[in-house]
Structure formats: structure tokens, C-alpha cells
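Enquirer: Spelled out, the chains give:
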Amino acid sequence: MTESVAHSRLHDSLALSGRWVIEARRALGDIATWRPQLVPQMKRLGVDSVPVALFLAVFTGMVLALLSSYMFTRAIPLYFVGTLVSKAVMLELGPVLTGMALAGRVGANVAAELGTMRVTEQIDALETLAISPHAYLVTPRVLAATLMFPVVTAMAMAVGVLSGWFTAVNILDLSSAEFLRGAQQFYKVKDIWFGLVKSASFGTAVATMGCFQGLHARGGAEGVGKATTRAVVLGCQAILVLDAFWALVLL
Amino acid sequence: MIQFEQVAKRFGSRQVLDAVTLAIPEGQTTVLMGYSGTGKSVALKHIVGLLEPDAGRVVVDGQVVHELGYEELMELRRRIGYVFQFAALFDSLNVAENVGLGLQRQGLDRDAIAVRVAESLRLVELDDAGVRYPAELSGGMRKRVGIARAIALRPRYILYDEPTTGLDPVTTTAMNDLMIRARRELGATSVVVTHDLSSAFTVADRIAFLYEGRIRQAGTVAEFRESSDHRVREFIAGRPETESGAGGRA
Numbered sequence: 000m001t002e003s004v005a006h007s008r009l010h011d012s013l014a015l016s017g018r019w020v021i022e023a024r025r026a027l028g029d030i031a032t033w034r035p036q037l038v039p040q041m042k043r044l045g046v047d048s049v050p051v052a053l054f055l056a057v058f059t060g061m062v063l064a065l066l067s068s069y070m071f072t073r074a075i076p077l078y079f080v081g082t083l084v085s086k087a088v089m090l091e092l093g094p095v096l097t098g099m100a101l102a103g104r105v106g107a108n109v110a111a112e113l114g115t116m117r118v119t120e121q122i123d124a125l126e127t128l129a130i131s132p133h134a135y136l137v138t139p140r141v142l143a144a145t146l147m148f149p150v151v152t153a154m155a156m157a158v159g160v161l162s163g164w165f166t167a168v169n170i171l172d173l174s175s176a177e178f179l180r181g182a183q184q185f186y187k188v189k190d191i192w193f194g195l196v197k198s199a200s201f202g203t204a205v206a207t208m209g210c211f212q213g214l215h216a217r218g219g220a221e222g223v224g225k226a227t228t229r230a231v232v233l234g235c236q237a238i239l240v241l242d243a244f245w246a247l248v249l250l
Numbered sequence: 251m252i253q254f255e256q257v258a259k260r261f262g263s264r265q266v267l268d269a270v271t272l273a274i275p276e277g278q279t280t281v282l283m284g285y286s287g288t289g290k291s292v293a294l295k296h297i298v299g300l301l302e303p304d305a306g307r308v309v310v311d312g313q314v315v316h317e318l319g320y321e322e323l324m325e326l327r328r329r330i331g332y333v334f335q336f337a338a339l340f341d342s343l344n345v346a347e348n349v350g351l352g353l354q355r356q357g358l359d360r361d362a363i364a365v366r367v368a369e370s371l372r373l374v375e376l377d378d379a380g381v382r383y384p385a386e387l388s389g390g391m392r393k394r395v396g397i398a399r400a401i402a403l404r405p406r407y408i409l410y411d412e413p414t415t416g417l418d419p420v421t422t423t424a425m426n427d428l429m430i431r432a433r434r435e436l437g438a439t440s441v442v443v444t445h446d447l448s449s450a451f452t453v454a455d456r457i458a459f460l461y462e463g464r465i466r467q468a469g470t471v472a473e474f475r476e477s478s479d480h481r482v483r484e485f486i487a488g489r490p491e492t493e494s495g496a497g498g499r500a
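Chains as they are written, first to last, in the working numbering: chain R, 0 to 250; chain C, 251 to 500.
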């Protein structure tokens with residue numbers, strides 16, 4: 000009995016995933032529907048997320064500088080603070096922490112909005128007007144998040160490194176030249192694009208989770224609340240899985 | 251023409267529609283009546299393909315709705331205006347944008363859309379409401395915008411889901427007049443789901459009574475009023491029939 004229920008659920012999940020893939024392909028081709036929505040969504044999901052991402056980056060850079068100076072006492076030259084701060088921010092903490100912050104903000108925003116539209120029949124209304132919800136709602140949000148997560152992450156990386164630099168110079172008595180020497184010593188161009196590629200995939204995952212949970216919300220306010228929570232949790236989990244995936248594939 | 255042929259729909263363990271068979275004639279207003287929760291709105295959603303039947307079929311203009319491909323279904327939906335129970339206006343768009351959204355899909359240019367939106371808003375007597383947002387409107391105004399959005403498409407069919415529920419008597423009368431005017435001016439075939447008897451008697455050419463997942467009676471308004479079916483008489487009287495021995499509602 001349990002096995003047949005599990006089998007049925009697996010079958011339903013696979014069928015639903017297949018439908019989403021078909022809908023996504025069809026929606027991508029419906030450019031006239033999603034294009035007017037793209038720029039407003041880029042602003043909402045990307046530009047409006049900049050303050051929270053930068054706030055996080057400032058303190059990440061600062062703490063990294065302080066922690067690394069604590070670890071490097073005597074055994075390792077202090078200019079390695081610059082190495083650790085820049086490497087950690089560009090390769091890992093910048094993309095992942097920004098992704099997590101945006102999973103909360105963007106994932107919740109998208110799931111709550113689409114969930115409310117679902118339970119108030121606005122999605123049904125779109126369909127009766129012969130407008131695909133995937134083209135009108137999902138595609139511009141997923142594209143906007145995919146394009147804007149790397150932009151926000153790049154800003155967070157820059158601010159994180161600058162914050163670490165500022166902390167090192169003003170609190171740790173490290174000179175700017177020493178910090179830069181450390182930052183440049185092991186720098187590779189790949190450090191930057193690796194982080195940006197990751198963040199683009201995080202954007203795709205977070206927005207897709209938000210849209211999926213929102214479009215399948217059921218049962219009024221409680222259903223929207225559950226969908227929003229699931230979107231954030233699954234978005235964060237997706238970021239961690241993708242982080243490991245890219246580390247295996249690209250490094 | 252819209253036809254329900256032995257349509258069945260189940261949600262979980264609940265059989266909402268059992269074997270609904272009904273023909274909705276062209277150019278008339280057919281009211282689908284019944285107690286709350288008997289599947290009237292579910293039946294309506296089958297017409298535009300928002301739901302698929304578990305058994306049976308819904309045929310619109312000779313096309314079986316659930317067998318249509320994507321493009322054919324979109325084409326069918328362009329011929330149907332749907333007025334939702336709570337209007338289902340898009341919160342992020344103003345009234346004019348709500349009314350004009352479906353028109354963009356019909357390939358109309360910006361000027362033509364503006365003209366059509368103005369005409370539709372004039373028909374529902376909301377000429378000046380174009381720049382307002384749904385949150386700024388009363389329940390009655392929202393429903394009228396919902397009607398304007400449906401008629402802006404110049405549809406062949408208009409489906410109304412509980413158009414007068416929750417409205418005061420004056421606004422209800424205005425809504426009834428609006429439905430009659432929309433049918434007269436556009437010549438659209440209308441299907442109205444309601445349990446509001448006075449509204450049904452005002453707008454209907456024909457009434458179909460849905461009970462326990464089946465059409466219990468379908469006919470003209472006069473036939474409905476004079477029905478000998480005890481379930482229909484109970485519904486019209488608003489109380490269970492006890493003296494005839496028919497008993498109350500199951």
C-alpha cells in the first residue's frame with residue numbers, strides 16, 4: 000500500500016516536472032508576453048535586493064578580516080588576510096550568502112505573490128484570457144533572477160573585499176599595500192566568474208522554486224504561507240546542492 | 251453551442267459531478283442553479299478547460315475541450331469571456347490595464363485597445379475608473395470591471411460565476427441589468443452560475459438545476475417555476491417540503 004502511494008507520488012511528480020519543462024519551452028518562445036515584464040522584474044528582484052546584499056557583504060568582509068588575523072597570528076604572515084578575505088568572498092561567501100539572502104527575499108516574494116494570485120483565481124483569470132501564466136509570470140521572474148543574481152553578487156563581492164580591506168587597514172594595522180599583496184598573490188580570473196556562474200544558477204533555482212510553490216499553492220492564506228515557507232527552504236537547499244555541484248565541476 | 255455529455259468530476263473522495271448532461275442553446279442565457287457546493291462553478295470551469303473531466307466530455311462549437319491542443323485551447327478561450335465570483339482582477343494592474351490585458355493577445359494595436367477598453371468601461375458605467383487600482387474599488391465595482399474585462403474580448407460566450415453573490419439589492423439589480431445588456435448588445439450566449447433565485451428569474455431564458463452531481467431539471471423559466479420535482483420546489487420555497495412527505499434535503 001505504502002509502496003503504491005510512493006509510486007503514485009513519484010509518477011505525479013515526474014508528470015508535473017515534465018509539464019513544467021514543456022510549459023517553460025513554450026513560454027520562452029512567447030517573447031511578446033514575457034518581454035514587457037522582464038525589466039520591471041529585474042528591478043524588483045535585483046535592484047531592490049541590493050541593500051540587503053550589501054549589508055550582508057559589509058559584515059562578511061569585516062568578520063573575515065578579523066577572524067583571519069586571529070588565525071594567522073605569528074605562524075602565517077598577516078598579509079594573507081588579504082588572500083583569505085578576497086578568496087573567500089569571491090569563491091564562496093559572496094555568492095552563497097547573497098544567494099541565501101535573496102532566497103529569503105526573492106523566493107518568498109515570488110511565492111507569496113503567485114500563491115495569492117492562485118488562491119484569488121487571478122491565475123485562472125489569466126488562463127481564461129488565453130495568456131500563459133508561465134509566459135506572463137514565471138519566465139520573466141526566472142530570467143530576471145538569473146540575470147540579476149550575478150549583478151548583485153558582483154556588487155556584494157566588491158563591497159565584501161573593500162570592507163575586509165578597510166577593516167584590515169584600520170583595525171589590524173595592516174597597510175593597504177600588504178592587503179593588496181595578499182589579495183593579488185593567489186588571484187585568478189576564474190575566482191570571479193566561478194562565483195558569478197554559481198550565482199546565476201542560484202537565481203534560476205530560487206525563482207523557479209518560488210514560482211513553482213506559488214503556482215501550486217492551495218487553500219487560502221494558510222496555503223500561501225506554506226508555499227512561501229517551502230519556497231525559501233527549498234531555495235536555500237538548492238543553493239547548497241548547486242554550490243557543491245559547481246565546486247565539483249568547475250574547480 | 252455548449253454541450254455537457256455525461257461529465258463526471260471527483261475531488262479526492264468527493265464526487266462533485268456525477269453524470270452531467272446539458273445542452274446550452276445559442277444566443278440565450280442559461281442559468282445553472284443549485285445548492286452551494288453542488289459543483290456549479292466546477293461545471294463552468296470545464297467549459298474553458300480550467301478543469302478536465304474524469305469521464306464524459308464538454309463540447310464547445312463541436313470541439314471537445316479536454317482533447318484540444320494548446321493553440322486550439324487558446325483559440326477557444328479567446329471566444330469565451332469569464333466573469334469570476336470575486337472578479338479575480340490583477341492587483342498590480344489598474345482597471346484599464348485589467349480590461350485591456352486580454353486584448354493584447356488578439357493582436358489589437360494600442361489605440362484600438364484604448365477604444366475597446368473605454369467602450370467596455372462605459373457599458374458597465376465605470377467610464378472614469380480606468381486609472382484606479384482594484385484595491386480602491388468596492389465589491390460591486392470590482393465585479394463590474396470583471397464583466398468589462400470579459401466583454402472587452404467581444405466573446406461568443408460569457409460565463410458568469412456567482413455574479414450577484416455578496417452584493418446589496420440595488421447593486422444586484424444593476425448587475426442583472428448589466429448581464430441583460432451585455433447579452434443584448436453583444437449577442438453572446440451566456441451561462442450564469444448562481445443560487446440567487448430573483449437574479450435567475452430576471453436574466454434567464456432557461457434554467458438548469460444541478461443536484462447531487464446531475465442535472466435534475468432543465469427548461470424554461472416558466473417550467474422551472476412550475477416544476478413538480480420536489481427538490482426544485484424545495485429550492486424555490488427555500489425550505490424542505492414536509493407535508494408532501496418528500497422530506498428535507500439529503
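Just so you know, the hints here were simulated from the structure itself, not pulled from any lab data.
What you are looking at is a predicted structure, and each value in this text was computed from that prediction instead of being measured.
No residue lacks a Cβ here, since even glycine has one placed at the ideal position from N, Cα and C.
Careful: at least some of the hints might be erroneous.
Said to hold, decoys possible - Some but not every residue of chain R turned toward chain C, in silico, with C-beta under 8 Å:
id, residue
1, 121
2, 124
3, 126
4, 127
5, 129
6, 184
7, 187
8, 191
Enquirer: Each hint: holds or not?
Expert: Hints, verified against the model:
| no. | hint | result |
| --- | --- | --- |
| 1 | 121 | 5 Å, holds |
| 2 | 124 | 4 Å, holds |
| 3 | 126 | 6 Å, holds |
| 4 | 127 | 4 Å, holds |
| 5 | 129 | 4 Å, holds |
| 6 | 184 | 50 Å, violated |
| 7 | 187 | 44 Å, violated |
| 8 | 191 | 36 Å, violated |
Violation of the numbered hints given earlier is confined to hints 6, 7 and 8; the remaining hints are satisfied by the structure.
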